Amino acid sequence: MLQNRRKFLQNIALGSLGLSVSPDIFADKKNNLLSRNFSKESNQTFNMCGYQAPKIDKVRVAFIGVGSRGTSNLRQMTYLEGVEIKSICDINPEAIDRVQKLLVKQFLPKAKIYTGSEESWKKACEDPNIDLISIAVPRGPLHAAISIYAMEHGKHVAVEVPAIFTIEEAWNLVETSERTRRHCMMMENCCYDFFELLTLNMARQGFFGEIVHGDAAYIHSSGQKGLVSGKERIWSLTEKQRYNGNLYPTHGLGPICQAMNVNRGDKLTYMVSMSSADFMRGNAVHEMAEKDPYYKKFDSATYCGNMNTSIIRTEKGRTIMLQYDVTSPRVYSRIHMLSGTKGACLKYPLPARISIDERWLNDTEMDEIKEKFTQASVKRIGEMARKVGGHGGMDFLMTWRLIDCLRNGLPMDQDVYDAALWSVIWPLSEWSVANKSKPIDIPDFTRGAWKTNEPVDVSLSKGGNTVIRERLL
Amino acid sequence: MNRRFYLKSAAIAGIGMAVNPSGVLGKAISTRNQSFKKDFVSIGFIGVGNRGRGLLNLILKEKGVRVPAICDVNPDAIIKAQQGLRDNGQKNADTYIKDEYSWKKLLERKDIDGVVIATTWDWLVPIALGAMLAQKYVGLEVPAALTLEDCWELVDTHEKTGTNMMFLENCCYDRECMAVLQMVREGLFGKPSHATCGYRHSSYGSPGWLDSNIDLTNKPTKKNHEFSLLKNADQYPTHGVGPVANWLDINCGNRFLYLTSTSTTANTIPDYVQNHPKGGPEHPNAKRNWKQGDIITTVVKTYRGETVMINYDNFLPRPYSRDYSLQGTNTVWSGLYLKRGIYVHDKSSSHQWETGEKYDKYMKEYDHPLWKNFLKQHKIYDMAESILYDESIL
Chain P
1 MLQNRRKFLQ
11 NIALGSLGLS
21 VSPDIFADKK
31 NNLLSRNFSK
41 ESNQTFNMCG
51 YQAPKIDKVR
61 VAFIGVGSRG
71 TSNLRQMTYL
81 EGVEIKSICD
91 INPEAIDRVQ
101 KLLVKQFLPK
111 AKIYTGSEES
121 WKKACEDPNI
131 DLISIAVPRG
141 PLHAAISIYA
151 MEHGKHVAVE
161 VPAIFTIEEA
171 WNLVETSERT
181 RRHCMMMENC
191 CYDFFELLTL
201 NMARQGFFGE
211 IVHGDAAYIH
221 SSGQKGLVSG
231 KERIWSLTEK
241 QRYNGNLYPT
251 HGLGPICQAM
261 NVNRGDKLTY
271 MVSMSSADFM
281 RGNAVHEMAE
291 KDPYYKKFDS
301 ATYCGNMNTS
311 IIRTEKGRTI
321 MLQYDVTSPR
331 VYSRIHMLSG
341 TKGACLKYPL
351 PARISIDERW
361 LNDTEMDEIK
371 EKFTQASVKR
381 IGEMARKVGG
391 HGGMDFLMTW
401 RLIDCLRNGL
411 PMDQDVYDAA
421 LWSVIWPLSE
431 WSVANKSKPI
441 DIPDFTRGAW
451 KTNEPVDVSL
461 SKGGNTVIRE
471 RLL
Chain R
1 MNRRFYLKSA
11 AIAGIGMAVN
21 PSGVLGKAIS
31 TRNQSFKKDF
41 VSIGFIGVGN
51 RGRGLLNLIL
61 KEKGVRVPAI
71 CDVNPDAIIK
81 AQQGLRDNGQ
91 KNADTYIKDE
101 YSWKKLLERK
111 DIDGVVIATT
121 WDWLVPIALG
131 AMLAQKYVGL
141 EVPAALTLED
151 CWELVDTHEK
161 TGTNMMFLEN
171 CCYDRECMAV
181 LQMVREGLFG
191 KPSHATCGYR
201 HSSYGSPGWL
211 DSNIDLTNKP
221 TKKNHEFSLL
231 KNADQYPTHG
241 VGPVANWLDI
251 NCGNRFLYLT
261 STSTTANTIP
271 DYVQNHPKGG
281 PEHPNAKRNW
291 KQGDIITTVV
301 KTYRGETVMI
311 NYDNFLPRPY
321 SRDYSLQGTN
331 TVWSGLYLKR
341 GIYVHDKSSS
351 HQWETGEKYD
361 KYMKEYDHPL
371 WKNFLKQHKI
381 YDMAESILYD
391 ESIL
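Protein chains in written order, with our numbering: chain P, 1 to 473; chain R, 1 to 394.
Honestly, I wouldn't trust all of these hints.
Below, in silico cross-link-like pairs of lysine-lysine (DSSO-like), each with a Cα-Cα straight-line distance of 27 Å or less [claimed, not checked]:
no., chain 1, residue 1, chain 2, residue 2
1, R, Lys347, P, Lys225
2, R, Lys361, R, Lys372
3, P, Lys451, R, Lys291
4, R, Lys98, R, Lys63
5, R, Lys287, P, Lys316
Which bits of chain P does chain R cover? Going by a derived footprint, with three or more residues having C-beta under 8 Å, they are [said to hold, decoys possible]:
no., stretch
6, 77–84
7, 106–113
8, 166–174
9, 324–336
10, 373–380
Hints listed in this document are in silico derivations from the structure and should not be mistaken for laboratory results. This one's a predicted model, so the numbers in the text were calculated from it and none came from an experiment. Glycine is no exception: its CB is placed at the ideal position from the N, C-alpha and C atoms.
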């Protein structure tokens, strides 16, 4: 029966895919970004949404990339029972040293080391005594390459954002996950921030009515100095030199998509994108190049616009406004606004607010809301998460939930379809920006399964038994 | 009196400098100068509903204004407007109330220098064109033109007749928006790169939603909710766009190049009607094809490379907002409705908005001269606009 339904959905998906491909994409000669695999004409071989993998009592983890982000991810895991940090991989000996010291400090055995070559990560993935590979290497094609390699070798994957950078990578990631039946969770930590979880729970319980629109953003000033990356982070400058679009979409988009049940009842259909000119970085690089010849190759170039604004429309007729700005001197913001037929919320500028009718709620009413709608995981471990820290506690909430799901054989809150979809906004925005903000269709990585996929479980009805090593707090 | 005289001379001198001797503008100036010598101006009011009477009462605060003629099809509005005139020490005005074309008679009067047009949306442009052709100065309420053709008609007619038309976009005179303009001009922002604005004004559950007698045929005067049956667009952009256009030098060194606009579905009105005790699934408005989406998000690119995001959100229950913010290479400002805050590079603490008193200090320091020197007495910007409009005639 289930098989039949899936078959039926596949047929529908195939039928509609043919229609949804915009001829513009293929006619566009100067921009071959989307030339291949834009809308995949393949069936979903297996639905990873809602997939319950076999339970793993003790999750054995390998960390690939233990720079500042990787180390932080690893530190979160040291607070959990039911986890073994088995191995670490990095080409930087100092990073490895730092992690080993951290493990000792947390009363844990030192990890096995993979280092010495640019391909050491392969060895780490091949180790049969590993269940989960946690990836935090610099942004670029290695995110997808390592994820795919790890899944091919039977490992579940937790990969840093964005998971993929091209549409082809996105499809490869999805197909590999389906074929190997291994989870590929993108570590979109902002989905686990306190206000985001609160509003997700409120959305689920109908507080906002029908959600009509959401605003999201990644507005994070790198400061005047950060405009020209240091040599150790030169990938960051290369990225902005080469690409113009919404280059970091997932932090803002993830929580909004969850509130709208995207991939699980709704889908992103098409988008438009517009970048302002670059008013800052080019000048800063030019000044730097005068002082240091190393930066000459970065001069002369045009740079990603200061501000990118993208608008996404969903199949059910909702819209999402998504911005990206890491250059302008601005106060940090992900906006996180949801507007519904009964109420709205707006996180940034802080403090976060919620409105009913035409009025923002006062402090007392906000306390009542928190009392009533605090999400189950936050109730359970919120206080401990704040103590562990990591972007205020959201990193720990995410890590605990990831491990708890693996240990209890529960579906991922954020599965491979979310990873592909939230990340693919980058290449799609790039195309739209390069083509005078023309609309572009967004691939349906679920290939029709979005119509029947179950929403993310926010009630913690299953699992929740992963123990925290409280004595370390 | 002296001040006004000074302004007049300054205005003339300023205009003189701007004249393009051989162009259309030259002709415009020659007609424009004719009425400069009057001691008072006579203004006719076309449309004296809520908004028209609001403007009337403000304009009457200015000495040197006479309002000898008013026009409206609604007798109630006329009675109230006459009361307003008497309250301000003026005589009853002559009235033009016969039909929807009575404004033409008003425009034939020789003693009228200018008109303020505050009618329903469909009538704004036809009357403005008529007024310009009758060589009257025009104060035209928002949203003015509803179609591209109307936009060009306004421009062409202005150039052809040389008659001044001022668009009464009151939000341009918002004190904080003007302070921000001052900041831009003095370089505090560095180069502007992005601005946001919008019009979020909930009409949720307005009586029109349950009006079962909507008739769009043979009806030149449409109500606002009736436009929602006709098109899906940002139907009220100017309150947001006005101040932004000033900050970004639009039409004065910069211009809007292209835009993209995305709409949500149009479910809110039919859902409301369907679920309302006085509505229900059989109510005609539950079955109508409402076109206007709940939220329209528009992004505009400018010639210099800035982007502008404009929201239109007229249906959903939300706190009122015009969503003003401006970002530059040195400063970012977030206005009243998002959060009063300013962040200045190298002055503000990292990632901290300056709010409260610190914010007020900026607003005071950059208070626009118009507000600072000229309008100390008045609290509301409608007043400012009304008086400015006057000045442009005198």
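Mind listing which of the numbered hints don't hold for this structure, in increasing order? Hints 4, 6, 7, 8 and 10 contradicted; others consistent.
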